[in-house]
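**Q** Letter by letter, the chains look like this.
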Amino acid sequence: MSSYAKRLMWPVLVLVALIVINVSVTGFDFIVPHVNDGRLSGAFVNILRRSAPLLLIALGMTLVIATKGIDLSVGAVYAIGAAIACQMIIDAPDQSAAGLIFSAIALALVVTAVIGAWNGTMVAYFGIQPIVATLILMIAGRGIAQLVTGGQIPKVEDSSPFTQLGRGELFTVPLPIVIAVLMLVALALLTRRTALGMLLESVGGNPEASRLAGIRAKGITVLVYLVCGLCAGLAGLIGAANLGSADANNGGLWIELDAILAVVIGGTALLGGRFYLLGTAIGVVIIGTLEDTIINVGLSSQWQFTAKAIVVFVVALLQSPEFRGWILKPFKRRPAAPAPAKEVAAK
Amino acid sequence: MFKKALAGIGAGALLFGLTACGGGGDDSGDGGGDGLVIGFAQVGAESAWRTANSASIQAAAEAAGHELKFVDAQQEQEKQIAAVRDFITQQVDAIVLAPVVETGWTDVLQEAADAEIPVILADRGVEAADEDLYVTRLGSDFAEEGRKAGAWAAETFADDADGTKILELQGTTGSAPANDRKSGFFEVLDAEGLNYEIVDSQSGNFTAEEGKAVMETFITTHGLDGIDLLYAHNDEMGLGAIQAIEEAGKVPGQDIQIIIVDGSKAGFQAGVDGKVNYIVECNPAFGDQLMDVVESVVNGDEVEKFTPVEEGVFDATQFEAELPNRQF
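Chains as they are written, first to last, in numbering that gives the first Met the number 0: chain Y, 0 to 346; chain Z, 0 to 327.
Treat the hints loosely; a few may be bogus.
Stated by the list, open to error - Here chain Z is said to cover these stretches of chain Y; the calculated rule only asks that three of the stretch's residues, wherever they fall, bring their Cβ under 8 Å from a Cβ of chain Z:
| hint | stretch |
| --- | --- |
| 1 | 41–49 |
| 2 | 241–255 |
Unchecked claim - A few chain Z positions that, by computed beta-carbon distances, are all more than 12 Å from chain Y:
| hint | residue |
| --- | --- |
| 3 | Ala127 |
| 4 | Ala128 |
| 5 | Glu154 |
| 6 | Ser182 |
| 7 | Ala190 |
| 8 | Gly225 |
| 9 | Val297 |
| 10 | Val308 |
| 11 | Glu309 |
| 12 | Ala315 |
| 13 | Glu319 |
By construction, these hints were calculated from the structure, which means they are not laboratory data. All C-beta atoms in this analysis are idealised placements derived from N, C-alpha and C, irrespective of residue type, glycine included.
Only chain Y is shown next, with the shape it has when bound in the complex (with noise of 0.2 Å):
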C-alpha cells in the first residue's frame, strides 16, 4: 500500500498545484460547487464532467495497458459508438421514444464491444502487435462512423431523453460523473477484490509463463480489449448526448493520445505489468484541469499544445525515480544511492 501511496504522490501534487493556481487567479468559485437549476456546477465540476469520457477510455487503456498492449482505435470507436446512436435516433419518427432510446443505446454498445473483442482477438490469437492491431481501427474507424451517419453530422432534437446522458444529473451530480464513477468503482473492485487484477497483471507481466501456470491468458487478453471498447463507446455515447449530435471526424479526436498519457501520468508503466486505476482518474484530472487553467490565466490558444507538454513532461520526470535521485542528490547530507534502490525494492 505504501507503494501505492508513493505512486500516486506525485501526480497528486501537480493536480493540487494546478488547483492552487487557479485559485489564485479566479477565487475559491474554481473549486466550490454550487447548485444551479437543481445541478451542481462550477469551474471544478465541469471539468470533472467534461472529463467523464476521457476517464472511461483511460480506465479501459489502464487494463489493456497492464496486459502490455495498447488501444489507438478508442477515438475511432468513440465516434462510431455517438454516430450509431444518434443516427439511429434521427432516423426514427419519435426521438422521445424510450424504447428507441435504450435499444440505440444498447446496439452502440454492443457493436464497439464487439468491435473491442475483435481487437483483442487479433492480439491475442492471431499474435498481431497490439499497436498494429489497433492502429487499423484507428484509421478505418472514422471512415466507417463517417459511413453510419452519411458523412454529416446528425442533430438530435434538445428535447430527446437521450441527451440527458450527457446534461442530465442524478442528486444534482451530473450523470456523466456518475457513470464515469461508477465505472471506476465497479473495475477498481472486479480487479482488487478478486483475482482478475492479479491475473491481468500477470498476463502483462509474463504472458507464456501465465500460460504454463494455468491461467488463460488469451481469453483474459480478448476480454480486456472488449472493456475498453466498450468503454469507449460510452464515452462516446456521453459526448454525443453533451452536444445532441455526433460529428464522425471531431468526435473524441485524439483522445486516445490523451488516455495513454492519462495512465502514464497515474504512474502505470507502458511495460504491462503493475497497474494504477485511481493514479489514471488522477491523471484524466490533471488533463481537463490544464485546459482550464490556460484559459484561466490567460494564456492564448497557441499555448495549449506546450503547457500540455511541459506538465506532462514535469510530472514524468517526477515519476522517475532517477530524476528524483539525480535532482534531490545536492540537497542530501548523506549518499544519494539508498534512495533509489529503495524505491526499486518497493516496486
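Using the hints, position chain Z against chain Y.
**A** Chain Z only, in chain Y's frame:
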C-alpha cells in the same frame, strides 16, 4: 548495386505505367479528350459547410467533364501535403488545395511549381511569403466577413456607454479564417471608434464540442453578467456555445448577443429561434466558379490573384425567409 539499379528502373517503369494508365483512362472517359485531371486536397468533412463545399465541387467537376481526384485530409496538414505530392507524381493538370492551416506549405508548393503544375487555392489561403507559389485563390474573403460582423457590432453597440464586453470563439489556431475573421472584426471596431473590451478570446477549433467546452470555461471564469456580445468564427462553435449559455440559465440572443459566421441550416434555425442575432454568410457552393477558374488557369489566361465568392449578411428580420434557401 545492380539490384538497386534494377529496383530503380522497375520503380520508374511502374511510375510511367501509372501515368500512362491515368492519361488513357482520361481520354476514353470523355471521348472529346478536353476533360482535365484535377487533384483536389480537401480539408476534411469537419462541418456541414465543408460537406456542402465538397459536394458542390464534385458536382461541378462532373458537369464540366473533368476528372476530379478527391482526397479528404481529415484536417491534417501531413495528409494534404502527401496528397499534393501524389498529385504531382500523377502529373495532374491542376491541383486545387484547401489548406488546413496557412503555414508550412513552401516546400510542397515549390515541388508543384518545379513540376509546372498550377496550384489553385480554394476557400482558405496560405501565408503571404508563399504568394508566388500558387496561381490564384478562389474563396471567401475572411477578413471581409470579419469586417461585416464588426460593422454590425459597431452599429448595434454604438450607444453602449459603459463599453462593449466581447467574448470571442476563434477557429483553429493558425488557420486563415480564424486569423482573418478576427483581424477584420477588430479592424472595423477600432476604425469605428467603438469602446470595447475583449473579455476573453480562445480557440474552439471550429467544432461544437470544443466551442461548448470553452464557453463553459468562459462562463465559470468571467460569468455572463455584463457580457454584451459573443463572436463565434463559425456556426458549430456558436451552437455549442449556445448550449453552454442555456445550461448556465441565460437566454442566448437576449442576455448576450451572438454573431456567427457560416450560415448553415442549423445556424439559421437557431436564428429563427431567436438565439442568434446576426449571421455572416460564408458560401460553400462555389464549385462552378472554381471550374471556370481552373479552366482559365490551365488555358494560360491571366487571372486575378484572388477571386472572392459572393456572400451575404442576415439579421433577425431575414432569418425566417432565408432558412428554406440554405443548402447545408
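**Q** Now, for every hint given, state plainly whether the structure supports it.
**A** Hint check results:
1. 41–49: holds (count 4)
2. 241–255: It holds: at least three residues are needed, and the stretch 241–255 of chain Y offers 9 whose Cβ sits within less than 8 Å of chain Z.
3. Ala127: Its Cβ never comes within 12 Å of chain Y, the nearest being 19 Å, so this holds.
4. Ala128: holds, 19 Å
5. Glu154: Consistent with the label, glutamate 154(Z) stays out of reach of chain Y, its closest Cβ about 29 Å off (over 12 Å).
6. Ser182: It holds; serine 182(Z) is separated from chain Y by about 14 Å at its closest Cβ, greater than 12 Å.
7. Ala190: Non-interface label stands for alanine 190(Z): nearest chain Y Cβ at 24 Å, farther than 12 Å.
8. Gly225: It holds; glycine 225(Z) is separated from chain Y by about 16 Å at its closest Cβ, greater than 12 Å.
9. Val297: holds, 29 Å
10. Val308: Since the minimum Cβ distance to chain Y is about 22 Å, valine 308(Z) lies beyond 12 Å and the statement holds.
11. Glu309: Holds, since 25 Å exceeds 12 Å.
12. Ala315: holds, 21 Å
13. Glu319: It holds; glutamate 319(Z) is separated from chain Y by about 19 Å at its closest Cβ, greater than 12 Å.
Of the numbered hints stated above, none is contradicted by the structure.
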